[in-house]
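**Student:** Just so you know, the protein sequences line up as chains U and L, in that order.
Take the first sequence: its position 64, counted from the start at 1, is 64 in this note's numbering, and no numbers get skipped.
For this note's numbering, count along the second sequence from 1 and bump the result up by 111.
Any given hint could turn out to be false.
What the hints assert, rightly or not - Keeping only pairs whose Cα atoms sit at most 35 Å apart, straight-line, the calculated DSBU-like set for lysine-lysine is:
1) U:3 / U:52
2) U:3 / L:135
3) L:179 / U:3
4) U:3 / U:54
To be verified - Okay, the calculated bits of chain U under chain L, using three or more residues with CB under 8 Å as the criterion:
5) 6-14
6) 42-51
Bear in mind the hints are in silico, worked out from the structure with no lab data behind them.
Don't be surprised by glycine CBs; every beta carbon is placed ideally from N, CA and C.
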Amino acid sequence: LAKTTQPISMDSYEGQEVNITCSHNNIATNDYITWYQQFPSQGPRFIIQGYKTKVTNEVASLFIPADRKSSTLSLPRVSLSDTAVYYCLVVRMDSSYKLIFGSGTRLLVRP
Amino acid sequence: DAGVIQSPRHEVTEMGQEVTLRCKPISGHDYLFWYRQTMMRGLELLIYFNNNVPIDDSGMPEDRFSAKMPNASFSTLKIQPSEPRDSAVYFCASSPTGGLLLGYTFGSGTRLTVV
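Based on the provided sequences and hints, a complete structural model is requested.
**Tutor:** Have a look at this one:
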C-alpha cells in the first residue's frame, strides 16, 4: 500500500478554513483516498473518500489532483468541535480488506 | 441503529489476570475488526473476521491474545495472561461488504489498564 505523509499537527482558529494535505507518492491505479476523523475518547469516524478531482459532503471537501500523488482535506469554517485527529488512508480495492492507519494530523481549533 | 457496542468501557486489571473485551457489531455488517490504540504505536489492526470467520490475524501481538466470533452479533477479544504493556484502548469496528469505500463504523472503545 502507498505510504501516506501528513503533518503531525496543525493549529487554527474558529471560523477559518483548514486544509490538511496528505502525500501518497506511490498510489496505485486501484487505490482510493479515504479520510477519517477521531475525537478524543472516541473511535475513528469515516468522513470522506475519493478517487480523483473533487468530492464534497456535508462535513468536508476532498481535492485530488490529476496525478493523485497528494490529496487535500478541506474543512470550511472550523469550530472548536472540529478539534480532532484526521487520518489520511490509501485504500486498495483488493482481497485484503484492511484499513491501515498512519499517525494522523492533530488539529487544534482555538477560540 | 445503536452502532457498534463495546463493553466494558473501562477495565482495570492486575497483571496475570484474564481480560475479555466484548463487541456487538451493527446488524447486517459482515466484517468485524479489532484495533488497538496506544500513544507509541497508534492504531494497529489486530484481527478481522468476515462472516464470523477469522481472515487475517497477523496483527495479533502474541499467543496471549485470542479473538472469537461465535455468531454474527458478538465477538470477544481475550488476553490471557495480561501484562502492563497490553494497556491501551481497544476498538471494535464493523462494516458491510463495500465498507472500504463506505467506511467502517467504530465503537467507543474499551480502555484497558493492566497494573
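**Student:** If a hint holds in the structure, say so; if it doesn't, say that too.
**Tutor:** Against the structure, the hints:
1. U:3 / U:52: 18 Å, holds
2. U:3 / L:135: 32 Å, holds
3. L:179 / U:3: 31 Å, holds
4. U:3 / U:54: Holds, at about 21 Å.
5. 6-14: violated (count 0)
6. 42-51: Check passed, 6 qualifying residues.
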